[in-house]
Amino acid sequence: MFSPITPAHYLFVGIVLFVTGMICLLTKRNIIAILIGVELILNAANINFIAFSSPVLFPKRVPPLVLDGQIFVLFVMILAAAEAAVALAIALHFYSRFGTVDVDQGDELKG
Amino acid sequence: MTGPDGMAILFWLFAIVTCGGALVVVLSRHIVRAAVGLILSLFGVAMLFLLAGAEFVGAMQLMIYVGGTVVLLAFGVMLTARRPLLPLSTTRDQWLAAVLLACPLTVILVQAALSYAPTDSVSAQVDAHSGVSTPVGMLPVTPARLGMALLGFSQDNHRPDGGEVSHGDSGYLLPFELISVHLLVVLIGAAYLARREVPSGMTPRDNQGQLQ
Amino acid sequence: MNVIPGVDPEDFSVTSETEVRTEELLINMGPQHPSTHGVLRVVLRTDGELVLEAIPHIGYLHRCAEKIGEKVTPRQFIPYTDRMDYLAGMNMNLGWALTVEKLLGLEVPEKARHLRVLIVELNRIASHLVAAGTYGLDLGSFTPFVYCFREREKILNLFEAVCGARLTYSYITVGGLMADLPSGWLDQCEAFLDQFEPVIDDLHDLLSVNHIFVKRTAGVGVLSRELAVDYGCTGPVLRGSGVDWDLRRDGDPFYTRMYRDYDFEVAVCRDGKYPQPSPPVPTEAVLGDCWHRFFVRMVEVVQSVRLVRQAIEKYRLAEGDIGQPIKLNQKLPPGEVYLETECPKGQMGFMIVSLGEAIPWRVRARSSSFCNLSVLPELCRGCLVADVPAIVGSLDIVLGEVDR
Amino acid sequence: MAQWLSDWLTLSPQWEWVAYLTVALLQAVILLALVMTAVALATWAERKVAGRIQDRLGPTRVGGRFGWLQPLADGLKLFTKEDLIPANADAVLFRLAPYLSFAPVFGVFMALPFSDGWVAHHFNTAAFFILAVLGLEVFGIILGGYASGSKWSLLGGMREAAQVVSYEVPLAFSAMLPILLAGTMDLVAIGEAQRGWFWNWFVFHDPFTFVAFWIYVICAVAGTNRAPFDLAEAESELVAGFHTEYSGFRWSVFYMGEYAAMAAVCGLGVVLFLGGWNGPIPVAEWLFGPASSTSPIVNFLSQLLGAVNFIIKCIIGVVFMISLRWTLPRPRIDQVMSMCWKYCFPLAALAFLGATLWVLMLPDGLLGQGHPKASTCEQSVMVTVERIETP
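Protein chains in written order, with my numbering: chain R, 1 to 111; chain H, 1 to 212; chain E, 1 to 404; chain W, 1 to 391.
Heads up, a few of these hints could be off.
[As the list claims (entries may be wrong)] Taking lysine to any residue and the SDA-like style, the derived pairs with C-alpha atoms no more than 20 Å apart in a straight line are:
1) W/Lys342 - E/Lys154
2) E/Lys215 - W/Glu235
3) E/Lys102 - E/Thr283
4) E/Lys215 - E/Lys154
5) E/Lys215 - W/Leu96
6) E/Lys215 - W/Trp326
7) E/Lys154 - W/Lys77
8) W/Lys77 - W/Val62
9) E/Lys215 - W/Thr327
Since the hints were made in silico from the structure, they are not lab data.
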């Protein structure tokens with residue numbers, strides 16, 4: 001169970017990240033905490049990508065899926081960074097408008 | 001059963017860091033502590049990437065996620081929580097809903113992970129120090145190959161249906177270009193959104209620079 | 001203690017702390033801040049790095065100097081004067097001594113006059129060295145500070161040889177000076193001046209023309225000519241705004257006659273040029289900004305060196321003695337007298353109202369640092385946090401003089 | 001090594017991990033000792049150089065004429081100081097922050113080669129890894145600034161965040177040039193690509209790398225938070241910035257982080273631009289013959305000479321950074337930021353473009369003497385192209 005490391009081990013780490021990220025999303029009301037939860041969920045997905053494309057965990061697989069997985073992870077990271085930048089800009093705007101970061105306060109749609 | 005090898009030790013170490021960080025994120029009531037938990041967690045993930053033979057992606061994770069995104073988050077925290085250590089109030093109902101939703105999800109995911117059987121279930125026996133043990137005939141994953149793939153050269157050289165690839169068949173040039181444009185748009189958009197009016201009656205002199 | 005008319009300090013310290021809007025931050029700069037030059041407290045209302053308002057709170061060094069002056073005789077008051085601007089004790093002594101002499105109608109002998117010029121101008125150099133050095137420190141440059149203090153130390157050594165004290169001299173006194181120069185002192189002084197002049201160029205290299213220094217000071221804290229006059233700014237702060245005004249030339253005749261046969265230029269920017277020798281004014285600099293206030297002092301140092309050299313020559317040629325101090329309990333004639341002198345920080349004025357006794361009825365000190373400091377809120381509005389030390393430093397205040 | 005230890009102790013397979021752990025700890029301790037020595041020397045050099053620049057002597061009392069033991073005395077003093085945690089602070093984060101700031105710098109030395117093959121772990125993306133890990137240092141500082149519960153610290157932390165995150169961009173860009181020229185991110189290979197006379201060093205490769213080198217220097221100073229870019233601590237503006245509330249041991253950990261980061265960026269710069277362990281004159285090749293020679297002793301000696309070369313270059317770099325600190329005033333935060341985005345970044349990007357064109361137009365160099373290249377990139381391209389074009 002402890003060794004050797006299989007893709008399933010990685011999957012379990014991914015599960016922990018995903019579930020904690022989701023709980024974070026559901027329980028926090030701070031807009032930045034919600035952003036943190038999203039990051040965790042994205043990382044859970046990344047872990048799976050890496051695990052399934054790992055040349056270490058699948059040393060004999062032919063054809064190797066190495067690059068596809070890693071490139072997907074790169075794209076996810078870039079998108080996550082972009083998302084964080086936009087979300088943060090929205091959070092700052094939200095804050096300067098409502099004076100709080102509690103998302104429940106922002107329930108009016110009119111500008 | 002043999003004892004854990006070097007990779008296993010490191011894996012468990014970083015798995016604990018990752019999961020511990022994630023738990024800190026959920027359980028802490030202070031936003032800054034949550035951010036620290038996220039840092040730990042993402043750092044652990046980066047190290048897991050390194051262990052899985054994805055060196056470039058691991059370094060990328062450190063640079064973009066831990067060094068960039070989370071610093072951005074911390075910056076946001078500072079800008080929006082002037083009173084140090086703003087507590088996050090969470091009601092019991094929210095926790096109840098979260099747990100109710102999380103439990104079945106966990107069960108399903110664990111089920112899926114357990115039932116997963118690798119098609120070529122040959123697990124790795126890798127020496128911790130030599131790093132990646134690549135099978136004969138396969139190039140190591142260097143950044144150069146990743147870069148070539150992003151520029152439209154297929155590296156795997158195989159199509160899912162078994163046929164040979166031709167030019168531009170399975171490269172990532174289009175997504176790469178798309179994401180570049182996307183980043184540019186995001187950059188401008190974020191700058192536009194975060195821009196703030198100069199407080200009224202306050203005109204920073206030209207030579208004193210802009211603050212935005 | 002509030003220096004802005006119409007603003008109750010309580011407004012800022014209590015209520016606005018809770019009412020302050022989200023992004024604004026109320027920061028206490030001082031009284032234990034490294035670059036407030038003493039126990040000045042500036043309350044900054046900032047928005048991020050932008051300073052919306054800066055309110056100086058003073059009084060931490062108040063020692064009732066004026067009240068003490070009404071309890072002691074003029075000669076006994078001398079030691080209290082050099083504790084006002086403790087960086088220029090000689091100038092303070094001189095200001096008080098001249099005021100009392102004016103009341104008494106006393107004139108000191110020629111030799112004492114030249115010796116006074118010599119000592120006072122040396123002290124001006126020392127004071128400006130501290131100003132320049134600490135200004136470098138305010139802008140994050142440590143080394144010029146050490147160079148300046150090294151040179152100042154040599155001046156203090158000279159002073160120590162003259163009067164035994166290094167900071168609070170009580171050397172210039174009513175009616176003359178406490179003692180004549182020890183033998184060989186003038187040669188030492190000349191040797192010091194010879195080696196000091198090249199150091200000024202070093203300081204120009206490290207500070208005045210240094211690119212980062214210019215970037216930090218040019219165009220920052222611009223004090224317009226009108227504002228400077230309105231607020232009663234004096235000394236280098238006033239001249240930094242381009243006002244050609246120096247009491248050594250334009251002051252009370254009782255004071256200017258001390259300098260009557262001396263040749264010096266007032267350190268002020270005329271047509272974009274300062275008295276030579278000095279490096280050219282950088283193009284970024286705006287008249288009245290921190291750079292000009294700083295540079296005026298550097299130019300004044302050069303002029304003071306000139307004055308000291310002339311004073312040495314004149315002292316050597318002068319005949320007679322250095323005057324006799326008045327008696328400790330000398331009766332003052334009834335009347336009122338006010339005299340301002342050009343001190344390194346600005347115009348220091350002393351006022352005496354006498355009812356004909358040995359102890360003055362009223363003593364008042366007009367402090368240049370106090371008036372110069374009062375312009376701080378105007379200068380700091382809309383600047384960055386990093387500019388606040390630059391502006392405070394360029395005003396070159398001494399809290400002992402502000403609070404008295 | 002772990003295998004050897006395991007065999008020597010005749011451990012059963014279940015307990016082999018003990019050997020791994022022991023060896024790992026041993027290596028970490030050796031590396032830590034190395035870093036701490038570098039830090040101690042850097043603090044001593046700082047005081048001595050500062051003293052000389054300022055017409056003083058610097059430390060002279062502790063440890064003989066030159067005050068060699070001053071770092072030890074400083075350390076002792078710091079350890080015995082009262083350890084304060086302000087009432088307003090978040091005690092947990094306050095305690096954590098210095099270590100978060102020091103640990104990444106320590107991680108850098110894991111991937112930094114000291115000589116040909118003398119590297120704790122041979123990453124094939126070492127250059128990128130180091131840049132990434134160096135960027136993590138900032139978080140400890142931000143956290144320290146925030147957790148202190150002081151407004152000055154908070155301002156310092158925010159400055160640090162803005163400054164370091166910005167300067168990472170041109171820093172990485174200028175570091176890209178040697179990577180581009182060597183065709184690999186492997187620092188050992190980059191160092192080897194500059195073998196020979198000093199004109200083979202990448203800084204002298206073409207005008208663009210020369211520009212990039214100076215951008216690297218500026219950004220390295222700014223990225224390690226050293227004066228004149230020490231805006232996060234800025235003692236005359238922010239009292240002491242992020243470490244206003246720190247004292248004693250925790251404060252010294254921040255400082256260790258700063259000095260270790262100095263050594264780290266100097267090391268990276270030396271490998272990337274200044275030929276790494278190759279001396280200006282190829283003495284080693286004359287003495288010991290070409291690399292990978294037969295005898296292990298000769299090999300070892302050649303590597304030792306390389307390490308000495310590397311360390312001397314690093315020391316020169318560190319002394320340069322120190323003398324900068326004691327000479328220049330500090331720019332303002334907006335000037336620092338505009339310098340990054342308006343000058344360093346475009347220049348670095350232009351240099352990157354220029355170097356690319358240079359390599360394309362003049363593959364053999366200006367004088368046609370050619371450059372030794374690792375050329376893994378080219379190989380990779382060729383392999384790929386061949387694979388695609390040959391059915």
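Keeping to a limit of 20 Å between CA atoms, is the pair of lysine 215 of chain E and leucine 96 of chain W held or broken?
-> violated, 37 Å
Between lysine 342 of chain W and lysine 154 of chain E, does the CA-CA distance stay at or below 20 Å?
-> violated, 45 Å
Are the Cα atoms of lysine 77 of chain W and valine 62 of chain W separated by 20 Å or less?
-> At roughly 13 Å apart (the allowed maximum being 20 Å), valine 62 of chain W and lysine 77 of chain W satisfy the hint.
Restraint check for lysine 215 of chain E with lysine 154 of chain E, where alpha carbons must lie at most 20 Å apart = Roughly 32 Å between the alpha carbons, so the hint for lysine 215 of chain E and lysine 154 of chain E is violated.
Proposed proximity, threonine 283 of chain E with lysine 102 of chain E (alpha carbon, max 20 Å) | violated, 45 Å
20 Å limit on alpha-carbon distance, applied to hinted pair lysine 215 of chain E and tryptophan 326 of chain W | Within the cut-off at roughly 18 Å; holds.
Within 20 Å, alpha carbon to alpha carbon, are lysine 215 of chain E and glutamate 235 of chain W?
-> Holds, at roughly 19 Å.
Quickly compare the C-alpha distance for lysine 154 of chain E and lysine 77 of chain W to 20 Å and report which way the hint goes.
-> Since the Cα atoms of lysine 154 of chain E and lysine 77 of chain W sit roughly 33 Å apart, the hinted pair is violated (cutoff 20 Å).
Holds or violated: are the alpha carbons of lysine 215 of chain E and threonine 327 of chain W at most 20 Å from each other?
-> The hint holds at about 16 Å.
The earlier numbered hints that this structure contradicts are 1, 3, 4, 5, 7.
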